[in-house]
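Enquirer: Guided by the hints, dock chain X onto chain V, whose structure is given.
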Amino acid sequence: EAGVAQSPRYKIIEKRQSVAFWCNPISGHATLYWYQQILGQGPKLLIQFQNNGVVDDSQLPKDRFSAERLKGVDSTLKIQPAKLEDSAVYLCASSLQPTGLVTGELFFGEGSRLTVL
Amino acid sequence: TQLLEQSPQFLSIQEGENLTVYCNSSSVFSSLQWYRQEPGEGPVLLVTVVTGGEVKKLKRLTFQFGDARKDSSLHITAAQPGDTGLYLCAGVEAAGNKLTFGGGTRVLVKP
Chain V
1 EAGVAQSPRY KIIEKRQSVA FWCNPISGHA TLYWYQQILG QGPKLLIQFQ NNGVVDDSQL
61 PKDRFSAERL KGVDSTLKIQ PAKLEDSAVY LCASSLQPTG LVTGELFFGE GSRLTVL
Chain X
118 TQLLEQSPQF LSIQEGENLT VYCNSSSVFS SLQWYRQEPG EGPVLLVTVV TGGEVKKLKR
178 LTFQFGDARK DSSLHITAAQ PGDTGLYLCA GVEAAGNKLT FGGGTRVLVK P
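Quick note, the sequences are listed as chains V and X, same order.
For the first sequence, the working numbering assigns the number 1 to the initial residue and increments by one for each residue that follows.
For the second sequence, the working numbering assigns the number 118 to the initial residue and increments by one for each residue that follows.
Chain V on its own, in the form it takes in the complex:
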């Protein structure tokens, strides 16, 4: 079974530029998550989708971050304009059911490492 696919693996941009990350979850997984992991810290949830609807985006900096999950399958996360503090690994994860109902396993991709200069 194919895992969660993310691209690009690495991206270096200058501040104020824009960047987009793509995620394809495991087939059949209705719930998709984007986490931000700053070096030396645990992952922080940015946004959670259930199919193509947003369940939680309370920690998404909406002035610069946006995410969409058209057709309830793959998803993109965009940052525009980027700031130095956005340097982090952006992890995409998927699960069969959303957390809160049954705490099932989250399957993570390898992440996209962003460096903002």
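Hints listed in this document are in silico derivations from the structure and should not be mistaken for laboratory results.
Heads up, a few of these hints could be off.
The calculated lysine-lysine pairs, modelled on DSSO-like cross-linking and capped at a C-alpha distance of 30 Å, are [as the list claims (entries may be wrong)]: (1) V:Lys78 / V:Lys11; (2) X:Lys174 / X:Lys227; (3) X:Lys215 / V:Lys83; (4) X:Lys173 / X:Lys187; (5) V:Lys11 / V:Lys71; (6) X:Lys215 / V:Lys44; (7) V:Lys78 / V:Lys62; (8) V:Lys11 / V:Lys44; (9) V:Lys44 / X:Lys173; (10) V:Lys11 / V:Lys83; (11) X:Lys215 / V:Lys78; (12) X:Lys215 / X:Lys187; (13) X:Lys174 / X:Lys187; (14) V:Lys11 / V:Lys62; (15) X:Lys187 / V:Lys44; (16) X:Lys174 / X:Lys215; (17) V:Lys62 / X:Lys173; (18) V:Lys71 / X:Lys173; (19) X:Lys176 / X:Lys227; (20) V:Lys15 / V:Lys78; (21) X:Lys174 / V:Lys44; (22) V:Lys44 / V:Lys15; (23) X:Lys173 / V:Lys11; (24) V:Lys15 / V:Lys62; (25) V:Lys44 / V:Lys78; (26) V:Lys44 / V:Lys62; (27) V:Lys83 / V:Lys15.
Expert: For chain X alone, kept in the frame of chain V given last:
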């Protein structure tokens, strides 16, 4: 202040030694998970605990969920270099629906 506090932040031990990692909170959790993350990869689930006082064993790893469901521990017996990684606890609050991660404990097992 993080919802889930992990300690220690970093642990370096020799192969064959035992270690314990702690995950604490003032909140009650309906469930708690432990993940391990290796460099350049995403976290991988080790275990889920849901009942207060529950103890689960996975080979040399023993996981315990506190009676009050506010804390958890991970104990590794006779650690091996392959146990090296970032150990993350993550929980869903009893009144919530979001999985929140702790800050992680970085474990280094030297041969």
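Enquirer: Does each hint fit the structure? Answer for all of them.
Expert: So, going through the hints one by one against the coordinates:
Note on Lys78 of chain V and Lys11 of chain V: the hinted pairing holds, with a Cα-Cα distance of about 13 Å set against a maximum of 30 Å. For the proposed pair Lys174 of chain X and Lys227 of chain X, the alpha carbon gap of about 23 Å is at most 30 Å, so the pair holds. For a cut-off of 30 Å, the pair hint linking Lys215 of chain X to Lys83 of chain V stands: about 26 Å separates their Cα positions. Taking the CA atoms of Lys173 of chain X and Lys187 of chain X, the gap is about 17 Å. The hint holds against a cut of 30 Å.
With a C-alpha separation of about 26 Å, the suggested pair Lys11 of chain V and Lys71 of chain V falls inside the 30 Å cut-off, and the hint holds. Taking the CA atoms of Lys215 of chain X and Lys44 of chain V, the gap is about 11 Å. The hint holds against a cut of 30 Å. Using a Cα cut-off of 30 Å, the hinted pair Lys78 of chain V and Lys62 of chain V holds, with the two alpha carbons roughly 10 Å apart. Between the alpha carbons of Lys11 of chain V and Lys44 of chain V the distance comes to roughly 20 Å, so the proposed pair stays at or under 30 Å and holds.
Our distance criterion of 30 Å between C-alpha atoms is met by Lys44 of chain V and Lys173 of chain X, whose separation comes to about 26 Å. About 14 Å separates the Cα atoms of Lys11 of chain V and Lys83 of chain V, which keeps this hinted pair within 30 Å; it holds. About 22 Å separates the Cα atoms of Lys215 of chain X and Lys78 of chain V, which keeps this hinted pair within 30 Å; it holds. This hinted pair checks out: Lys215 of chain X and Lys187 of chain X have alpha carbons roughly 16 Å apart, not beyond 30 Å.
Taking the CA atoms of Lys174 of chain X and Lys187 of chain X, the gap is about 19 Å. The hint holds against a cut of 30 Å. A hinted pair counts as satisfied when its Cα atoms are at most 30 Å apart, and Lys11 of chain V with Lys62 of chain V qualifies at roughly 21 Å. Our distance criterion of 30 Å between C-alpha atoms is met by Lys187 of chain X and Lys44 of chain V, whose separation comes to about 20 Å. In summary, the hint linking Lys174 of chain X to Lys215 of chain X is supported, as the alpha carbons are separated by about 26 Å, within the 30 Å threshold.
Annotation: proposed proximity of Lys62 of chain V to Lys173 of chain X is violated, straight-line Cα distance about 40 Å (limit 30 Å). Restraint check for Lys71 of chain V and Lys173 of chain X: the C-alpha separation of about 39 Å exceeds 30 Å, so the hint is violated. This hinted pair checks out: Lys176 of chain X and Lys227 of chain X have alpha carbons roughly 20 Å apart, not beyond 30 Å. About 14 Å separates the Cα atoms of Lys15 of chain V and Lys78 of chain V, which keeps this hinted pair within 30 Å; it holds.
Distance hint between Lys174 of chain X and Lys44 of chain V is fulfilled; the C-alpha atoms sit about 28 Å from each other, no more than 30 Å. Note on Lys44 of chain V and Lys15 of chain V: the hinted pairing holds, with a Cα-Cα distance of about 22 Å set against a maximum of 30 Å. Note on Lys173 of chain X and Lys11 of chain V: the hinted pairing is violated, with a Cα-Cα distance of about 40 Å set against a maximum of 30 Å. As the CA atoms of Lys15 of chain V and Lys62 of chain V are separated by approximately 17 Å, the hinted pair is consistent with the 30 Å bound.
Note on Lys44 of chain V and Lys78 of chain V: the hinted pairing holds, with a Cα-Cα distance of about 16 Å set against a maximum of 30 Å. With a C-alpha separation of about 15 Å, the suggested pairing of Lys44 of chain V with Lys62 of chain V holds against the 30 Å cut-off. Proposed proximity of Lys83 of chain V and Lys15 of chain V is supported: the alpha carbons are some 5 Å apart, at most 30 Å.
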